[in-house]
Amino acid sequence: MIRTVQSEVRSAIRRPGGLQIRSWVAAAMLGLSLLLPYWRITLFAPQYPGGLRAAVYLTKVSGESSEISILNHYIGMKPLEDAAPLERRFAVPIVLAGVLAVAASPLLGPRAGRLLQAPAVLFPAGVIADLAFWMWKFGHSLDPSAPIRIEPFMPAIIGRGAVMQFSTYAMFSGGFFLSAATALIALHNLFHWSRR
Amino acid sequence: MRIRWIAAGAVVLMLLLLAVAGGRFGGAAATSAPDLEGLIKARGLTPDQVRAAVQTFVPPGKYDEYLMFASGGQSGQVLVFGLPSMRLLRVIGVFSPESWQGYGFSKETEEILREQATAREALTWGDTHHPAISETNAEYDGQFLFINDKANARIAVIDLRDFSTKQIVRNPNAYSNHGAVVSPNTEYILEGTQYAAPFPFKHVPLTQENYNKLYRGLATFWKFDRARGRINPAQSFQIELPPYAQDLADFGRFESDGWVYMNSFNTERAIGGTLDKKPALETGASANDVDYLHIINYKKAAELIASGKGTTVNGIKVLSLNDAVASGVLYFAPEPKSPHGNDIAPRGDYIVVGGKLDPNVTIYSHKKVMAAIKDKAFSGTDPYGVPILAFDKVVEAQVKIGLGPLHTQFDDQGNAYTSLFLDSAVAKWTLGAPYKRGAEAWKLVDKLPVQYNIGHLAAVMGDTAKPGGKYLVALNKWSVDQYSNVGPLFPQNFQLIDISGAKMKLLSNTPIGLAEPHLAQILPIDKVKSWATYPEVGTNPLTMKADPNATTIGKERVVRKGKTVEVWMTAMRSHFTPDRIQVQQGDTVILHITNIERARDAIHGFAIDRYNVNLSLEPGKFETVRFVADRAGVFPFYCTEFCSALHLEMAGYLEVAP
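Heads up: the sequence lines are chains A and B, in that order.
For the first sequence, the residue numbers in my numbering are 1 to 196.
For the second sequence, the residue numbers in my numbering are 1001 to 1658.
Pulled out of the complex, with its shape left as it was, chain A reads as follows:
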């Protein structure tokens, strides 16, 4: 068994086939996605001529998030930095495990290989679900003693939304698209598992 794997690995590295190349490209893109934002939101209001921008990475929130948090406190919303603490903490090991799994899978035969690529297919959907969960949670746990009381709401995850004088525009960003490309390649691999 081990000898078979070793020889497969050796031959795959010497003369990589389509499956290997696809998988390694997919793994690289997934790894790269850690460095790019998955989601961006821009808030527009008259007194912010260039808009207020925040970018959500798997590990952090960057941009003018402190200003957005200051504004959010008026409607009793928690600061953005409070969102998804566990996810942010474990994002790097989880993604790196995924990178390793996708990279190693074409060397381990169809069954183990498919099993290892399957999580990558589901990953982007999971990110969306988690983002939606936190948006819903933030929009529905507004501090009732806040200066401005508004009905609980679900912020728009894609496209345009509106809160008070702000209009928002949200869209997935580079990191998400990389992970989605990984997912598509992994899906293709699941259906067309071959050596060459």
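Simulated from the structure, these hints should not be mistaken for lab results.
Being a predicted model, the structure only gives us computed values, none of them experimental.
Note that beta-carbon positions come from the ideal geometry of N, C-alpha and C, so glycine has one too.
No false leads were mixed into what you were given.
Simulated DEER-style distance windows between Cβ atoms:
1) Arg1610/B - Pro79/A: 34 to 40 Å
2) Arg1580/B - Ala146/A: 16 to 22 Å
3) Arg89/A - Arg1226/B: 43 to 49 Å
4) Gln1049/B - Gly174/A: 52 to 58 Å
5) Arg1170/B - Arg89/A: 57 to 63 Å
In silico DSS-like pairs for lysine-lysine, Cα to Cα no more than 30 Å straight-line:
6) Lys1356/B - Lys1505/B
7) Lys60/A - Lys137/A
8) Lys1309/B - Lys1376/B
9) Lys137/A - Lys1555/B
10) Lys1062/B - Lys1527/B
11) Lys1555/B - Lys60/A
12) Lys1062/B - Lys1529/B
13) Lys1300/B - Lys1393/B
14) Lys1505/B - Lys1400/B
15) Lys1545/B - Lys60/A
16) Lys1555/B - Lys78/A
17) Lys1309/B - Lys1202/B
Once you have looked at the hints, place chain B on chain A.
Showing chain B alone in chain A's frame:
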């Protein structure tokens, strides 16, 4: 046949109706939105005025091309304008408390006004005259601005990163001053005493004998430490001068580097005494036909001071008049009496002097001055033994330009612009070789009336090695009939002039209704790299670094130590934390406040009612306020800068228990 006529008649009738209807519609359109020509006609504007309006109009949201720093005169402040719009962009608190900026209210700015506590009392006003932008290679670098206070012989340092005053130094041996100019690389800021006074600073009865013997003028060279952004008095020095009224000065550059030219008046040493039937100071001071242009080798003076010559008087090194004369530091050249401007041409080769009471500008050649010194071409000495260079050996040219010439600025085409006080005009004239040659040289080429009594004038970088041309601002002392009346204290009148063409063109008037400015300096707006917010949260504006007492969310606290209550507070929209402070009457209260905002323009004020406290806390700024809670009561404190929708709610209480 008849039918044809009827048809033709009907057609004509319809055409007529159409014409009438069309005319009516056309007319209606014209009255609801008059076209440009209609508007110009309705406002009675001439084509030149329309051109000037278009040339100076800056549309909403667009920026000006140049910044102008103007002295704020008796307000003690500096005014910042945008050109060509001439809109006032900022006032910078310098010598007077300025409540909007909290200048003079925080511990940090109070220390500046008290000159780091060396002053006996904090003076609450100043008479700012001559702004000087810091220079590198004799060009404005836009990093610092210096300005003098004529009334109290002080110089202030303003950091242009945050447009705020960082230091005030008081001349320890002078009462008044005139002029603040910088050396080509801002090693020194030069301050001339205006009115001679007992030296050192003390009381000496004002008699002619005492005046001649014991009163002195001074040239003070303040050493600037650019890395620290402060004047270093320990490395500064003074040169003792005869008791004349030393006036405006300019540093040489390139061939004249190392030298300073400085005007003087009252070389007659008049001291007034009108009630004793003696001539008034103004009469006595203009009895002689000439005064003395001071020619100072300051590099040599600095070397002498460094080598141990000179004595320390009230904390500053002074090179004596005798030493200055003996070692070739000081020479005089005759100049038309009661001169005012003393301006060096861009290449450092010519010195232009405007003799107020003489219709000429007198141009000296630095090369000729050096040759005359070498050849000892003296026409005599003054009563203190200072050699006087022979006038005809040092003068390059005299150009007759009009009455009351004062100050001169330059453009990039070899032209000079001189203000004519008595003529109320600006004269444009040409410099000689290498700027202009042959018949083109030393000629009056244009004159533009200004309204009225022009003092200084400022052209774009017009006193540097690289003048920019394009615009010139006339700083007029009288406005007389230029503005609708707002009481007998008339606004000053700034006039923007286009100098890009052969003929000067007046573009706009700007009333200055807060003081009488003197000099201004103009530079391209992109040369000034200023901050929109303090780069680090908790930046102390004095050190420009994060302060150890700056605090952040969750770290706010109140600590009592004996009779002192210290509070570490944050400010952000729309609350101060803490918002309740309890002290006992007689406690010393120290508030360390940090504006933790990062958004530009998210400014908070901090005022305590009845305790004479108001701070301006720009995003990221840290300041301290310290006072003794000597009145019992419950005093609201609140944000004085409308920061947010809940700005009025940004408040709290200071409880002072009896």
